[in-house]
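K.L.:
Residue strings, one per chain:
Protein chains: 2
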Amino acid sequence: MSETANRMSGRECNIPPMPTHVPFSISPLGSIYNASRITNEDNMSNSLVRLLLISNSTLHGSGYLDHAEGEIRDFLAGVRQVLFVPYALRDRDGYAAKVAERLAGMGFRVSSVHQAPDPRAEVETAEAIFIGGGNTFRLLKALYDNDLLDPIRRRAQEGSLRYMGASAGSNVACPTIRTTNDMPIVEPPSLRALGLVPFQINPHYIDPDPNSTLMAETREERLLQFLEENETPVVALREGAMLRVEGGRVMLKGVAAARIFRRGQPPRELVPGARLEL
Amino acid sequence: MSETANRMSGRECNIPPMPTHVPFSISPLGSIYNASRITNEDNMSNSLVRLLLISNSTLHGSGYLDHAEGEIRDFLAGVRQVLFVPYALRDRDGYAAKVAERLAGMGFRVSSVHQAPDPRAEVETAEAIFIGGGNTFRLLKALYDNDLLDPIRRRAQEGSLRYMGASAGSNVACPTIRTTNDMPIVEPPSLRALGLVPFQINPHYIDPDPNSTLMAETREERLLQFLEENETPVVALREGAMLRVEGGRVMLKGVAAARIFRRGQPPRELVPGARLEL
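In the order they appear, the protein sequences are chains A and B.
Number 94 in the numbering used here belongs to position 94 of the first sequence; there are no gaps in the numbering.
Number 153 in the numbering used here belongs to position 153 of the second sequence; there are no gaps in the numbering.
Misleading hints may appear alongside valid ones.
[Said to hold, decoys possible] To list a few chain B residues with every Cβ distance to chain A over 10 Å, as calculated:
#  : residue
1  : SER47
2  : GLY61
3  : VAL79
4  : ARG80
5  : MET106
6  : VAL110
7  : ASP118
8  : ARG138
9  : GLY159
10 : ILE177
11 : PRO203
12 : GLU246
13 : ARG263
[Unchecked claim] What the simulated footprint calls covered on chain B by chain A, stretch by stretch (three residues with Cβ under 8 Å from a Cβ of chain A suffice, anywhere in the stretch; the number is not a length):
#  : stretch
14 : 150-156
15 : 204-214
16 : 225-235
None of these hints come from the bench; they were simulated from the model.
Cβ atoms here follow ideal geometry from the backbone N, Cα and C, with glycine treated the same way.
Work out the full structure: start from the sequences and follow the hints.
P.N.:
This is the structure we're talking about:
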C-alpha cells in the first residue's frame with residue numbers, strides 16, 4: 001500500500017492537482033492515495049451527486065441502450081440536451097452520430113464534446129453528460145489530455161451536472177480505473193479517475209464458466225487479486241445491471257444482479273431494486 | 001501517436017533512463033517512443049538473445065509446466081541453477097517453493113529473487129532467469145521497484161542470461177505490457193517493459209466464441225483496438241503455444257497455433273514449428 005502511495009505521489013508531475021471541492025467525508029481520492037477504508041458512514045455522504053452507471057450499453061438480443069431506456073428517461077427527466085463524450089472509441093464522429101440518433105429517439109438533443117471548440121466550456125454549462133463505452137485507457141487518457149476531469153468532477157459533486165456512463169464511462173466515475181477489463185492500449189498519465197463514488201465498478205461481470213478449459217484467471221480471481229492490493233470495495237455489474245445514485249443512496253437497477261467484493265469477506269449478491277450498503 | 005509519444009516523454013521524471021546498450025538495429029524501445037514500424041530487416045537482428053516465451057504455465061488437463069517440459073529441458077540444457085522471479089503473485093514464498101519443486105524434477109536448482117539480499121546482484125550472475133505468470137501490472141511494478149529491468153535487459157541482450165517467461169513473464173519481455181489481459185490492480189511507473197523482442201505478445205489468446213451472449217469486446221477486437229493506437233505487431237499465443245528465440249530466429253513451439261496481428265492486414269495463423277517472419 002505505502003509503496004503504491006509513494007509511487008503515485010512521486011508521479012505528481014503529471015497528475016492534475018487534487019480538487020479543492022471535496023464534499024465526501026472521506027475524499028474518494030483519498031482511497032487512491034491511502035487506500036482508505038470505506039465505511040458505512042462514508043457511503044455517498046454527498047447527496048447532491050446524480051449518477052446512472054450502466055454495465056453495458058447493448059444487451060444481447062436487443063438494440064443499443066434498449067435495456068436501459070426506461071431508466072435513462074427517468075434519470076434525465078427535465079433535461080433537454082446531453083453532452084456526449086465519445087473518447088473511448090477511435091471513430092468519434094461515428095460514435096457521436098449513433099448516440100445522437102438514439103437519444104433523439106428519447107427526446108434529447110445531443111452535442112459531442114469532441115466537436116466543441118472548447119470542451120471545458122461545454123462541460124461547464126452542460127445539464128447532463130453521457131460518457132460512452134469502449135476502451136477505458138483510451139477514454140481516461142483523452143479526459144486527461146483535454147483537462148476535463150476536474151470540471152466534470154466538480155460539477156457532478158455540486159449537483160449541477162447529471163452523469164451517465166456505460167461500461168468504460170462507468171469505470172471512470174470510480175476512484176481509479178484499476179477494475180477495468182480493458183487492454184491498456186494507451187498509457188494515461190495516471191489510473192486515477194473521477195472518484196464520484198467511493199467504490200470500484202467492474203462492468204460486464206461474468207461468472208466463472210465451469211466448462212471452460214481456459215487457464216487464464218476468471219473475473220472473480222482477477223477481482224480478488226485487486227483486493228490483495230487495494231481496500232476499495234468492488235461492485236461487479238453483470239450485463240443488464242446498472243447503478244443509480246441519487247440523494248446519497250446507491251440503488252441497483254436493471255435486469256441482472258450485481259456481485260459485491262470486499263477484502264476479507266466472501267463475495268455477496270445484490271438483487272435489482274436493492275440498495276447498496278457498503 | 002504523437003500524443004502518446006509526447007505524453008510518455010513528458011513522464012521521464014519517473015521512467016528509468018534509456019539503456020545505453022541497444023544492439024537492435026531499431027531499438028525495441030524505439031517502438032514505444034515512436035511506434036516505429038518493424039520490418040523484416042529489424043526482426044531479432046541481435047542473434048545473442050535466447051528466450052523461451054510461454055503462453056500459459058498450466059495447460060488444461062495436465063500439471064504445472066508439463067506441456068512445456070520438453071522445450072524447457074532443451075532450452076536450459078547445460079544450466080544448473082535458475083533464478084526465479086515470483087513478483088506476479090502475492091504469495092511469493094509459496095510460488096517460489098512450487099517452482100523450485102517443479103524445476104528440481106527437471107534437474108535444475110532454483111533460487112528466488114525475492115529471497116536474495118541483493119536482487120540486482122542475483123540478476124548479474126544468473127545463468128538463466130524464469131519469470132512466472134500472474135498479474136502483469138504487479139509484476140512490472142515490482143521489477144521497477146527493485147530496479148531489475150536494466151540488468152535483465154542488458155544481460156539477455158549480451159547473450160549471457162537465458163530468459164524464460166510464462167504468461168505475465170512473457171508479456172514483460174515485450175516492448176510494453178500494452179497487450180496484457182490482466183486487470184491494472186496496481187500502477188507501475190510506466191507500461192514500458194524489457195523490449196527483448198520487437199513485437200507484442202498476447203498470452204492465453206482465445207478465439208471468439210460464436211455462442212457467447214456477452215457483449216464485451218472479444219480478444220480479437222481488443223487487439224485490433226491496440227493496433228488502432230500502436231504500430232507494433234502482436235503475436236497472440238493460444239494456450240499450449242510458446243515462442244523460442246535463438247540465433248536471431250523466432251520459432252513457434254508447443255501444441256497450439258498462434259495468430260499474428262499487424263496494422264492494416266488481416267490476422268494470419270502461424271503453426272507450431274514455423275518461423276515467425278514479422
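K.L.:
Against the structure, test the hints numbered earlier, and report the numbers of the ones violated in rising order.
P.N.:
Those not satisfied are hints 2, 8, 10, 11, 14.
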